[in-house]
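Residue numbers (the numbering used here), protein chains in the order written: chain A, 1 to 315; chain B, 1 to 310.
Simulated from the structure, these hints should not be mistaken for laboratory data.
Don't take every hint at face value.
[Claimed, not checked] Chain A side only, calculated, beta carbon under 10 angstroms to chain B, not exhaustive: (1) Pro-20; (2) Leu-104; (3) Val-152; (4) Phe-160; (5) Arg-257; (6) Ile-258; (7) Leu-273.
[What the hints assert, rightly or not] Each pair of labels, with its calculated beta carbon distance range: (8) A:Asn-54 to B:Gly-192: 54 to 62 angstroms; (9) B:Tyr-136 to A:Leu-230: 38 to 46 angstroms; (10) A:Glu-223 to B:Ser-274: 25 to 33 angstroms; (11) A:Leu-120 to B:Ala-205: 48 to 56 angstroms; (12) B:Ile-67 to A:Thr-270: 34 to 42 angstroms; (13) B:Arg-139 to A:Tyr-302: 53 to 61 angstroms; (14) B:Ile-147 to A:Leu-230: 34 to 42 angstroms.
[To be verified] What the simulated footprint calls covered on chain B by chain A, stretch by stretch (three residues with Cβ under 8 angstroms from a Cβ of chain A suffice, anywhere in the stretch; the number is not a length): (15) 50–58; (16) 114–127; (17) 230–237.
Predicted model, so just to flag it, every value in this text is computed and none were measured.
For every residue, glycine included, the Cβ atom is placed at its ideal position computed from N, Cα and C.
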Amino acid sequence: MIQNHGILRHAAQRLLGVIPTMLLLITVVFFLVRVAPGGPFDSEKALPPEIQANLEAKYHLDEPLLQQYFRYLGQIIVLDFGPSFQYKDWTVNELIAEGFPVSLTVGGLAMLLAFVVGTLVGITAALKQNSPVDYGTMGFAMLGISIPNFVVAPLLILLFAVYAGLLPAGGWDWSVKRMVLPVVTLALPVIAYIARLTRGSMIEVLHSNFIRTARAKGLPEREVIRRHALKPALLPVISFMGPATAGLITGSVVIERIYAIPGLGSYFVTGALNRDYTLVMGVVVFYGLLIILLNFVVDMLYAWLNPKIRYDERS
Amino acid sequence: MTKEADLRADDALDIDPFEAAMELGGTKGRSPWEDAWHRLLKNRAAVSSAIIMAAMVVLVIAGPWMIGWEGDFTDWDHTSAPPSIETGHWFGTDAVGRDILVRTLEGGRISLLVGLVATLVSLAIGVTYGSIAGFYGGRTDRVMMRIVDIIYALPFMFFVILLMVVFGRNIILIFVAIGAVNWLDMARIVRGQTLSLKNMEFVEAARACGVGRLDIIRRHIVPNLLGVVMVYVTLTIPQVILVESFLSFLGLGVQEPMSSWGALVNDGAQDMESAPWTLVFPALFLSVTLYCFNYIGDGLRDALDPKDRL
Chain A
1 MIQNHGILRH AAQRLLGVIP TMLLLITVVF FLVRVAPGGP FDSEKALPPE
51 IQANLEAKYH LDEPLLQQYF RYLGQIIVLD FGPSFQYKDW TVNELIAEGF
101 PVSLTVGGLA MLLAFVVGTL VGITAALKQN SPVDYGTMGF AMLGISIPNF
151 VVAPLLILLF AVYAGLLPAG GWDWSVKRMV LPVVTLALPV IAYIARLTRG
201 SMIEVLHSNF IRTARAKGLP EREVIRRHAL KPALLPVISF MGPATAGLIT
251 GSVVIERIYA IPGLGSYFVT GALNRDYTLV MGVVVFYGLL IILLNFVVDM
301 LYAWLNPKIR YDERS
Chain B
1 MTKEADLRAD DALDIDPFEA AMELGGTKGR SPWEDAWHRL LKNRAAVSSA
51 IIMAAMVVLV IAGPWMIGWE GDFTDWDHTS APPSIETGHW FGTDAVGRDI
101 LVRTLEGGRI SLLVGLVATL VSLAIGVTYG SIAGFYGGRT DRVMMRIVDI
151 IYALPFMFFV ILLMVVFGRN IILIFVAIGA VNWLDMARIV RGQTLSLKNM
201 EFVEAARACG VGRLDIIRRH IVPNLLGVVM VYVTLTIPQV ILVESFLSFL
251 GLGVQEPMSS WGALVNDGAQ DMESAPWTLV FPALFLSVTL YCFNYIGDGL
301 RDALDPKDRL
């Protein structure tokens, strides 16, 4: 009971920390975009002043900066990201609603794949520490970390789509066939990180006293791993989930572009290249909030899983 | 000279008995740095990576002058030509007949330069920030590290992209933008190290002598951070190169006629079906560089981090 209380209080504290982070995010994004040279309606041909004025009035660009800021803040609180400057008939919300499910599918599958494969590889390497298996997999893991997504993706397309003709090179129709390459590409670096993390923590755990005790009482090695070593060894992986999500979201920007997937990331890049300020702001804020929330969830999950943390001790 | 005279001369030199004992035993004392150096040399992956990287740097700097082609020369007789010795285009040419080898090396100059400069920017910010937070401690520390925590939670890649969108693309901005968002790790690590250093006797001695706090940080704390900082510099360089390539790949980084590995990989990916060499060579250079830096960083960490010393 007391411990639950501690966790609740920790959650409340963390939640209080989340709010300034979000506020900072929105503020920085807003003012960054406002100090930008050149407005969104600058075109090669100067618009007649009345039209310019009307446009600015429509998007509230004629108001004092501070008023615009609070207006934007009020909008974000009700999750309204405003109209897109470039896609004239679309609001940013509609664009996010259009693109995000696709990105979420690819990212979610990649995360799942990375978690399963990464931990399995990591555990295998740890159990065979300093064997050729260990060196081999860790060498590959270093490759996975070092070689960027945007190098792996074209190479995979070249191999599996152009030369072997097994899979489509890109495009999107919600079929598994078209998901394989993007998901694998996106997952590879995360697999590599998780494998290295798991290996390291597993080796550490296997040297601890409670494992020696478990072995001493005659448990078979498989049971020792499954019942005693697995959970503590996976703790660092849990706390890596936050950064991993951020990495996947960043990676998706590139992956979606290469595989021509109509996800949020490709909207973001198009928006960035077209100087579609509201869209770029919207996506940064949306993903920012998502990452902050996810970090919070991961933090709670970690606190809940880790028996060593007793939050009532903290003041 | 007689033996006795010899002995007396030795006495006059006032030999440190400890050192004499060490020499008598045939062992020489090794400083922690020498220890680390020996550990590093035993790490074959790190040593070979360092050699490859040294070669890469020389190649990238000297290469473009040694090859007969200019980076922006378009050889209309050989457009999209495959690698061959006869045409003189060892790595082939791209769709407008530019030599891939020269472009890869010139792109490497930019990529490595960005890696170095942006890392120095993040180093300067991170070390200053971290050492001040750690040394001043108390509320200053709490507020400063809280700020780091807050910034840490932001999607930093998106910020760099936003910066590029807002301020237009120029190379100075790339340096500053990447460096300015990459200092957080450095600040955290430096702070931690400072915390453990600041209560040591030599700092106390300095304080007793009346040295000011900023002077203590500058003269006594920062030099002792060298080991940790070195490790993270080697690990930051590939990260920064990666970020720059990522931006250039998306078309948000360096612009024509300048080039970087990321931009070249992007170009190569456009016509990889007809001319795969335009993709493969820049990709290979970029990957090898990142791979080597990661191994060097790992090796340095193993060598310098007293935690894992066996």
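Flag every earlier hint the structure violates by its number, smallest first.
Violated hints: 2, 4, 10, 13, 15, 16, 17; rest satisfied.
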